[in-house]
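Trainee: Going line by line, the protein sequences match chains A and B.
With numbering that gives the first Met the number 0 applied, the first sequence covers 0 to 361.
With numbering that gives the first Met the number 0 applied, the second sequence covers 0 to 378.
Be a bit skeptical, because a hint or two may be false.
To be verified - Cross-link-like lysine-lysine pairs, in silico, BS3-like; alpha carbons within 25 Å at most: (1) A:Lys1 to A:Lys276; (2) A:Lys5 to A:Lys276; (3) A:Lys353 to B:Lys11; (4) A:Lys353 to B:Lys5; (5) A:Lys1 to A:Lys353.
Said to hold, decoys possible - If you want the ones that stay clear, here's a sample from chain A, every Cβ over 12 Å from chain B, calculated: (6) Pro103; (7) Val294; (8) Pro356.
FYI, nobody ran anything at the bench for these hints, they're computed from the structure.
Beta carbons: idealized from backbone N, C-alpha and C, even for Gly.
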Amino acid sequence: MKLALKELRRRPGRFATATVILTLIAVLLMFLGSLLDGLIASSTGAIRAQDADAIVYSASAQASFQRSRIEPDIRSAVESVDGVDEVGGLGVVQLGARVPGNGPRDLANVALFGYELAPDGVPEPPADGEAYADEVLKADGVEEGMTIEIGPARTPVDVIGFVSDTSFNGQGGLWASEATWRSTLAENRPDAQLADGVWQALVVRGDVEPGAIDSATDGATDSYTVDGAVNAIPGVSEQQGTFNQIIGVTIAVALVVIGLFFALITVERVGLYGVLKALGAKSSTIFGGLLVQAVVVTLIAASVAGALVVLLDVVIPPGSIPIAVSIGSIVSSAALLLLAAVIGCSFSLRRVLKVDPASAIG
Amino acid sequence: MFLALKEMSRAKTRFGLLVAAIALLVFLILFQQSLQNGLITGFVGAIRNQNAPVLVYSVDGQRVIQGSIITPDLEAEVRDVDGLGTVGRLGQGTFTATSTTSSGDSLDATILGYELGDDGQGLGAPSELVDGRYPSGELEAVGSTGGDDAFAVGDTVVLQPGGFEIEIVGVADDIQLNVSPTLFVSYSTWSDAVQSVNPDAGEPLPNVMVAAPAEGVTADQLVTDINDRSLDLDALTRDDAASETPGVAQVQQSFQLIFLLYGLVVPCVTGLFFLIVTLQKADALTLLRAIGAPAKRLVASLLIQVVLMIGGGLVIGTALYFPLTVTGLGGLELRFETGAVLFWSILLLTLGVASSLVAARRVLRIDPIEATTGAGVGA
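In isolation and in its complexed conformation, chain B is listed as follows (with noise of 0.2 Å):
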């Protein structure tokens, strides 16, 4: 302990090399994982946050709400499913806005119009709110939070062109979709709200229906029995409705590469700093093993140096990480994720300390009576 201690203190620009490089990887490895998760929830939280198990898409739509569209043929099939329970419209539009909150500035939101039911929670609403309440009528909104241009309870959007006001009387958290703020409204304020910007529409037909399946179904049987009805109909559980939306795979596989990629470079730096300290050392070690150094305290001293490398690189790294969970990056809201900063430090120590193993093997082969030869572990 000490003599790895005394070296590192003796030779800080070499170690601090090597805690700066890990920090910079370890800081890439969780903002990455962070951007991955956030994009992904900004992407289909509406989808996988929303209350209805099963979601209805045309094949036209190629599983993107907005591209899809229920014509009343479609609608009228999926209606007459067998062991369907309940059945409802869901619409979704892209629009330009203002907000309260927005300062006056445009900003793009997302409305989804579901058909409120008695409470406010028929098919389609978020699943839970963090604040206020379902909408109770028309020109009234659930709103997400998070990112850059988060609802607040009480705010009011307008629609450009044409100046159509929600207000926002409910806030749920993870609801976005396509990465911008979201609004929840009834079917009908949905429908109002696309005529409102352009004139020229005619009447909008729903983009999906959102079932639930009648008791004693599961969600999956009624997925099947709906595909099997017509070649046109796309039924999805909740949550393969949203983990198939097109780019959500894609950023996960791209990330999933990136991260391989991370992963085997942390330990490789540290195998490689660790190999060549070791050969650089090779005399005092061999002269330590022929004053009697047992070679389990110089593996212990290199293994010791090893984790307070990593370990440095870690604390630095999340410790960068940190601020921009809280600042976010524009609309995406990044969170601090406990549970990948866990993952990584355990896997990175783990692999660091595997990859010095190497280091481990040289200095376990000295041969104390090299000294008088001056061969050392570089032989």
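The following block holds chain A by itself, in its conformation from the complex (with noise of 0.2 Å):
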């Protein structure tokens, strides 16, 4: 081992390129897993920030605030629901902002939620005509204090104060009560606009299955865990998939690499190993040496990846590429490449345990 962390430290040339190769893989791992946080947190905020058991949306609605209904009759027999402690109506209504100091075409994009529950970082509804605004709006100047214009009628809003992750469909969340989003809703989109009692979605607190909700009241209703919901959103389950295809090919692509690499770097040396075996070093002692060299050059990449991403985070500006950089995608994509690293490395067992000691007097 120590055989091993020498050669790295004397002939860091023979890593270097492996390693630049590496840091390249690990970017991309590392890029991907942001894109796909980004992209996942600006959509699915506004329900993972919901303190609840369940999510209700109608029955045909595709989990789709904007083609849900939910009449009073059905709000009545989802209370009535064994379990069920408390619920509230929760609706949306997407529009442009006007926000003072911007130019007449610079909005920006909100997503207005009226709500009875408060959700997890959202104080209990403000009083009429203002708002909670979330955080990612202040890139959009909007700041506490100010009275911001929604939509075409240019309903005003007061801003009170900032909340945290609470975007909803890559549009930044305002959180105001139910009168605020009625009124915004059928001053702005009459197409959209909904009678007294009737809410988009409910929010339902208690010990109950989304199932015996639905059971409840015959089919009218679908409902969802959070998590369920966040999965239900349309787009969130395909976004998923097909970015962790790729991170998972990706993945493949630095095994191969790896493997290839060491496997060369193995038959280079065949020769050496046969003397130091032949001066006793054991077939374990040689390829655990080859192991150590993997992890190293693979912590190395993994770091200066990890700087390149977060430099990189800092250098996009907001509202090109959504990337959410974090601790936990860089540590689980330098963790799978460590992985990798172990699996490509091993290819070479074979080779040197095949090292005759023998070959070493030729």
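Bring the two chains, given one by one in their own frames, into a single complex with the hints.
Mentor: As structure tokens, this is what we get:
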């Protein structure tokens, strides 16, 4: 093992190219992971934030707020389900908002929610005409105490504070009272307005399964857990599936590259290994040295790549590529790469085992 | 040639791993190229492949059709612009539906309503049909092909809730919006569809105005005139409306970065492989030079191996990619991109050969006299 580390220290050039290639692959993995996280986070924050045991849509809504209508009688049926403690209405309207100080065509994309039960991190519903804004809207110039005008009807809403990670479909969340949401919806989207008492969705708290709610409403509802509702948002599971496949094949490429590199290094050193074995070194010691080198090279590559991805996150202007770099995604990508390094390196095990000590004497 | 092939046949695992790595990378690049094009066509095909040269959004819409609302005041402003030839309304909504081809399963359908005109080809109609005819009245539609939910002439689409029925009378390629099956219907059919699923809905307003310039006026001029008319109007040419739909530029930028990284990995892997192999063969190459083998023959042998390895990777990678373009990916139609295959083949071959020049330089530096000292190219 000492020999392996010594070689890395004294002949770093030998490992430089492999490290560069692995760094590129690690950047790819981390970038893809961060891109997926960014896309999902900006689409699902408002749902993930719900402090709920079930989210209820109407049966034909396909988990879309815009297509869902929960009539008061359905709400009553949900409230009477055994185990249900609290039920609150939830609705959204997605519009452009005029921000004071911005140009007349420079609008912020907002998703204005009306809610009865406060999501995690969001205070109780504010007074009519007020809203808590998601902090992503700060990038659009939104500030606390500001009045923004929403939609073509220029519905005024006062921003009274900020909340985090509550975006929806890539638009910054605004959290307002039922009345503010209803008036904003009716003034700006007459085709989507709803009668009093009708909500787009219900948030349910209590010891209750989503299936029990749907049974109680005779199939008039389509209920999900919070995780289920996140995955049911159109496009989310498709994005995850596609990205995970791409990440998987990229890891396979890393595995093959590491396997190739260490197989070549092993071939190069067969004679040397023969001498080491003749001097009493075990195959496991030699292979252990190779593994250490693979792990060190991969760790260096992952560290450099992690730094590069963080730098990329800083350099990429807000609103262009939606990446969300997190320590978790960097560490998981590095771990996957390390696993690929160990498996790839083990391709050389057979060759190390085959080395005959007698070859040292020709 | 003989040497190059002989060496490859004797070290199948070594060269096989390189071909496998290149093949996987080629597969990833081509798959993602198709994914990018499929996504963009699925996102904005309906905008790109409709016949109106100019689309007018409200600024509030942020260039998303469904987000835009044209109020009566804004509509009057548009109709009053000099240089305007013809103009029409376009409405859009997303609905839950079943169709005769979806075997009862629900699907997310996008419906675009336009003013049909005399022949069903009013502004906003699909540019070209692949089968059937344009709608001639209410409850008829041109449907999109492609993806898992491709429509066919004669299909019936039923909106839920309410059971509003629309018949497919024609189909067109690449007219999806928001990566969902898409229907082009008359404006009044769209308006009725909106009200059928939401009894509380008021009279829907058009989302976008579609326009064509008067004779002697270009689309760009008309766009400028409309935008000068009101700060609340956002006119775009058809191509700009497609490329500036939110999400399209981000998709392109993300994929360009990914392609750049993959494009760098391939020559690096190839260059590294042949450099190491050349170093390993140092003694043999020196000996070959000492017994009279010309340097250019050894370099040629190296380059033949490079071309064969990358060529093999390209063929296998393309073979892996082909089946995906037949089956598609969910609602996305992935096409076999011959242009992309050619572009990447030439680029990766060029970069691969260029990267192997480091190894070739080592070969050229061999001094035959080193055969008597054992220094070789590794020195």
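Trainee: Which hints from the list above does the structure break, by number from lowest to highest?
Mentor: 6
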